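Line by line, the protein sequences give chains A and B.
Just so it is clear: in the first sequence, position 125 is 125 by full-length UniProt numbering, and no numbers are missing.
Just so it is clear: in the second sequence, position 438 is 438 by full-length UniProt numbering, and no numbers are missing.
For the record, the hints were derived by calculation from the structure and aren't laboratory data.
From a predicted model like this one, the values you see are computed outputs, not experimental measurements.
Every residue gets a Cβ at the ideal spot worked out from N, C-alpha and C, and that includes glycine.
Wrong hints could be hidden among the right ones.
What the hints assert, rightly or not - As a list, the in silico BS3-like pairs of lysine-lysine whose alpha-carbon atoms are at most 27 Å apart:
(1) B:K550 with B:K536
(2) B:K543 with B:K478
(3) A:K348 with A:K428
(4) B:K540 with B:K553
(5) B:K92 with A:K334
(6) A:K42 with A:K298
(7) B:K529 with A:K404
(8) B:K92 with A:K404
(9) A:K447 with B:K397
(10) B:K452 with B:K478
(11) A:K298 with B:K170
(12) B:K324 with A:K447
(13) B:K172 with A:K481
(14) A:K342 with A:K447
(15) A:K404 with B:K536
(16) A:K342 with B:K324
(17) B:K123 with A:K298
(18) B:K316 with A:K298
(19) B:K194 with B:K172
Said to hold, decoys possible - If the Cβ cut is set under 7 Å, some of the chain B residues that face chain A in the computed set are:
(20) E25
(21) E73
(22) P75
(23) A76
(24) Y281
(25) C282
(26) L367
(27) A377
(28) Y380
(29) P390
(30) T392
(31) V425
(32) F456
(33) Q457
(34) N502
As the list claims (entries may be wrong) - Computed footprint of chain A on chain B, listed as stretches where at least three residues anywhere in the stretch have a Cβ under 8 Å from a Cβ of chain A:
(35) 122 to 130
(36) 149 to 160
(37) 173 to 181
(38) 566 to 574
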Amino acid sequence: MDTTMEQVVIQELEKNSSIPDSGIFASERGLDHSVLVDSVLKSLIGREIVEAKPISHEHWLVTKEGQEYAEIGSPELRTFQSVGSEGATVEEIQSKLGVVGKLGIQQCLKRGWLKLDKETKKLFPQVTQVIDDTAEKLKRLSLNPQSAELSLQDLKELKSRKLVQSKTLKTFSIQKGRRFSQFHEQVATDLSKEMMESGSWRNASFKEYNFEASGKPLIGGFLHPLMKVREQIRYIFLGMGFEEMPTNQYVESSFWNFDALFQPQQHPARDAHDTFFLSDPAFSKPCKDREYVHRVCKVHQQGAYGSLGYRYPWSEMESQKNILRTHTTAISTKMLYHLAQKEHFVPKKYFSIDRVFRNENLDATHLAEFHQIEGLIADRNLTIGDLKGVIHYFFSQLGMSQLKFKPTYNPYTEPSMEIFAFHEGLGKWVEVGNSGVFRPEMLLPMKLPEDVTVIAWGLSLERPTMILYGVRNIRELFGHKVDMEAIQSYPLCRLGIE
Amino acid sequence: MPTVTVDRDYLLRSIPGIYTNEDVENICYEFGLEVDEVCYETWTFGSRARSGIEDLLPNEDGKEEEHQVFKIEVPANRTDLLSADGIIKALKVFRGVDRPPEFSSSSSNVRLTIMPEVQKVRKYMLSAVIRGVVLNRLRYQSIIDFQEKLHQNICRQRSLVSIGLHDLDKVKAPFVYDALRPTEITFVPLGLDKEFRADQLFEYYDRDPQLRKYTSLIRHFDRYPVVLDAENRILSLPPVINGDLSKVTLSTRNIFVDCTGTDWTKTQMVIRTIVAIISQYCEKPFVVEPVTIETVSIDQSRQEMISPSMELHSFKLDLEYAQKMLGVSLLPDRAVELLNRMQLFATIEESTNSLNVQVPIHRDDILHTCDIIEDLAVAYGYDNLPERFPCTVTQGKLLGINMFSDLVRREGLAQQGFTEVLTWVTVSQVENFDMMQRSDDGSTAVRIANPKTLEFQSCRFSLLPGILKTLRENRMIKLPIHLFELSDTVHIQRDHEVGAVNRRSLAAVYCSTTAGFELIHGVLEHIMKVVGLPNKANSKGSKYFWLDDKNCKDNAYFPGRRALVMFGEREIGVLGWIHPQVLQNFGLNNPCSALELNIDLLFSLSNHLKS
């Protein structure tokens, strides 16, 4: 912005309250009109300091030929001057002056400066002195292109001789604007360090802010939505007095994943269809507690602890087959086993949220790996009512307080209950988890006291996350096909915030 | 879980007080079944190998009728509910409009001998006779479906048990279960119109994807099992196909059941369930005629038994224990009534405040009193059981490594402008090694034996392939990109109990128009500052972290712009430009730098330093 030029305009307006024509104003002050318009007027208009109305002008430009005549004389003058009192023929003039001579002869004849003598075929001067008005007019025009001092007749003639061209020029008439009085205040878009230091912010006025416009996007980091939901659910468990289990062990033996849970070796879940078996390392070492292995074997093979057992030949080799764990209950089972080895039983509440693996076909709601949320309580005197109660509290923290329970079958829990919640959005009951009381055939071989009951429930982390963030396709949430831009736009997870 | 098809009209007609689909859904829900869908289906009378029942043609006009059916999901342990009639019976008893079935046996007339030779191939055979059955199309269909469901589920595709049904009046007792050489077996198989020799038949079945699965169960033996009648005619070639001779038709009145198997318990369970279901179609329902089975051992010793065993398992249910589990008080009479509704009989033993519970032959799912308690709870209604919050007092606690990981994720990365991704543990072998220019020494990556697709061939030991794939899938987003993942990788560790362990790992990747080594170096320094591990300038002792470019041989990174991250003498990670060839292998055009760190080590080092 040209501040001095701006000052000139403002001073003029303060003195005379208007500038009738910016073109005249510029030429009077020796300013470049185009600079005046582009870098001063536009800004002043934008700030509503001034108002401007456009004026159109016809504007004359002297052509290159015209400029030449203005400087060294018009053809008619040069022709007249070349003819002496003895006269000259057309050919003599033309050979001397060329095209200029030809043009000059026409003009001299027209103006009556020369006359052709028919007998001698010579041109003779008719006047003694001439005034080169053509050059004079051109000179004046080049100094003042809008000059209205020339008659329309003159301009037409010069134009027909291609000595001038017409062009439209836009200038402005300038008045004070709505905010003219604010010109002297500092109008700033932002508060600056200089303003702070100089104190000019006190008198400064700021450009009006467009509150409809978007803010500037941040460049920052974002946490993954599944991890955000996991964090809140961990807080919920923590608040309920649960202890997190060390579930960082994906490779598991079939023994801890199935056999120890009283899941028979011919169970369909142990099929290659459902479970990832490993080719390396294919087998785990035999469980070190041989007596425990024998008790597990016996309860499968012959029955024990009041159970008929599954009555099939139990194979330890089969139990040593390594897999990617199909549930975190493999870890819960180990935790319970270790608990049972303690001298005195201590009640425990355990939880975990970690990955589990299924050899499934992938679709919009199924992946080969997902996060299982699991909670369990081991104590004396626990009833199904306790299981219902703890589940109810937990799910109410997840925003699902209307629950019902359906009988179901899990190999290692009895009774088993499927958890259904009423989904307000869908207007129907949806399955949200599974639960049950661990079977005595699972707990007693560990040597947990007979009167200890273990109640447990589980659900996936993906399901509530998908509902929470409205994700339709699980692959857009978990795995490499994730939508990065979506990750950066999910809101806070407010689970457990009352 | 298996799904059973039940005709809608038939179901509604059979259970009083059930009028609408919603009624059906509700009673199923209470009982623990789930109506998967309600749909229209045409009757399927196609040939079912080994159903032992002749093909039924559609109506005379040749058109297949449509009827509305429920697809009902059944718990995997309830074999009796794999039959539509089994479901209807159970629901009727559950509603209290029917009594639980009381099974009885008549005297045995039919004998079967099991020869020594067959015991090396398919050891067990159990059998039964059901007399006076009255079949109609619906029952017929129900039996075919039931048999098929048994084969698919408890019989494990006939590998454990297979079932054949025969028209007893078309063959002549006594029967023999023996094994013969394939060339000695010639018969007209069910569904075919000419005689085949067993070896030719198996070749013929090679073209049949269904039956091929079953021939492979016995093909490797030099003798195949057969059931023969008194005139040496072949009733069946288990577990593959029945003979056409003894096929069951709508007019069949007396059925001979053959159950052959490799698992004794399952064979017993199957024959008991089969007779329980089919005997309800008898003029005198629930009466079973046992077969006398003589087993000739290899040493020629003989042993006789009656099949099926109609013996009932009984359990003593301590009512106090039951009440403790349910959290409600139950009078003995009420408990008996509730158990009856689950098809269990019980008598009260007042002196011990307990019930003597008898489990009928088709409820082999009951193994323990806890199963009976579940039945009590179901009959009482799960939703009617009182609720309370458990009074168990414990301290809440989060796992150290998880809390540490969360702090690093948040303060080390997300707050520094990195966005978290979460990729899969399973990757392809090529992504793990070749594409990363890392070589497989056979002791690095855990390998999966049975992946359905290449994506699940092995477990990642580095988070980089997953992140590079994420970049590939998000090529359209604006540069620069800052990504990280902090989760577990899996590593072979031979001396561990299972031979492999998880490692908490971090990978951070910067991707832009230039590789920006300095930036990723800055991330490392920041993380070290966050976890409190000093660099050389700040270290008072000899332990500080430094970059070792001399010994870094990781070809996933570019030589000259790669280094091991060391702490003292311990290697804790690696960083550098990702090798342009690696980037190209993943279809990426923009340069990237990456940092990988062992968070488990970082955790223990920082713990150590703290103390």
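Checked hints:
no. : hint               : in the structure
1   : B:K550 with B:K536 : holds (18 Å)
2   : B:K543 with B:K478 : violated (40 Å)
3   : A:K348 with A:K428 : violated (35 Å)
4   : B:K540 with B:K553 : violated (30 Å)
5   : B:K92 with A:K334  : violated (42 Å)
6   : A:K42 with A:K298  : violated (95 Å)
7   : B:K529 with A:K404 : violated (50 Å)
8   : B:K92 with A:K404  : holds (23 Å)
9   : A:K447 with B:K397 : holds (25 Å)
10  : B:K452 with B:K478 : violated (35 Å)
11  : A:K298 with B:K170 : violated (45 Å)
12  : B:K324 with A:K447 : holds (21 Å)
13  : B:K172 with A:K481 : violated (66 Å)
14  : A:K342 with A:K447 : holds (10 Å)
15  : A:K404 with B:K536 : violated (61 Å)
16  : A:K342 with B:K324 : holds (25 Å)
17  : B:K123 with A:K298 : holds (23 Å)
18  : B:K316 with A:K298 : holds (21 Å)
19  : B:K194 with B:K172 : holds (22 Å)
20  : E25                : violated (10 Å)
21  : E73                : violated (10 Å)
22  : P75                : holds (3 Å)
23  : A76                : holds (6 Å)
24  : Y281               : violated (27 Å)
25  : C282               : violated (29 Å)
26  : L367               : holds (5 Å)
27  : A377               : holds (5 Å)
28  : Y380               : violated (10 Å)
29  : P390               : holds (4 Å)
30  : T392               : holds (4 Å)
31  : V425               : holds (6 Å)
32  : F456               : holds (6 Å)
33  : Q457               : violated (10 Å)
34  : N502               : holds (4 Å)
35  : 122 to 130         : violated (count 0)
36  : 149 to 160         : holds (count 3)
37  : 173 to 181         : violated (count 0)
38  : 566 to 574         : violated (count 0)
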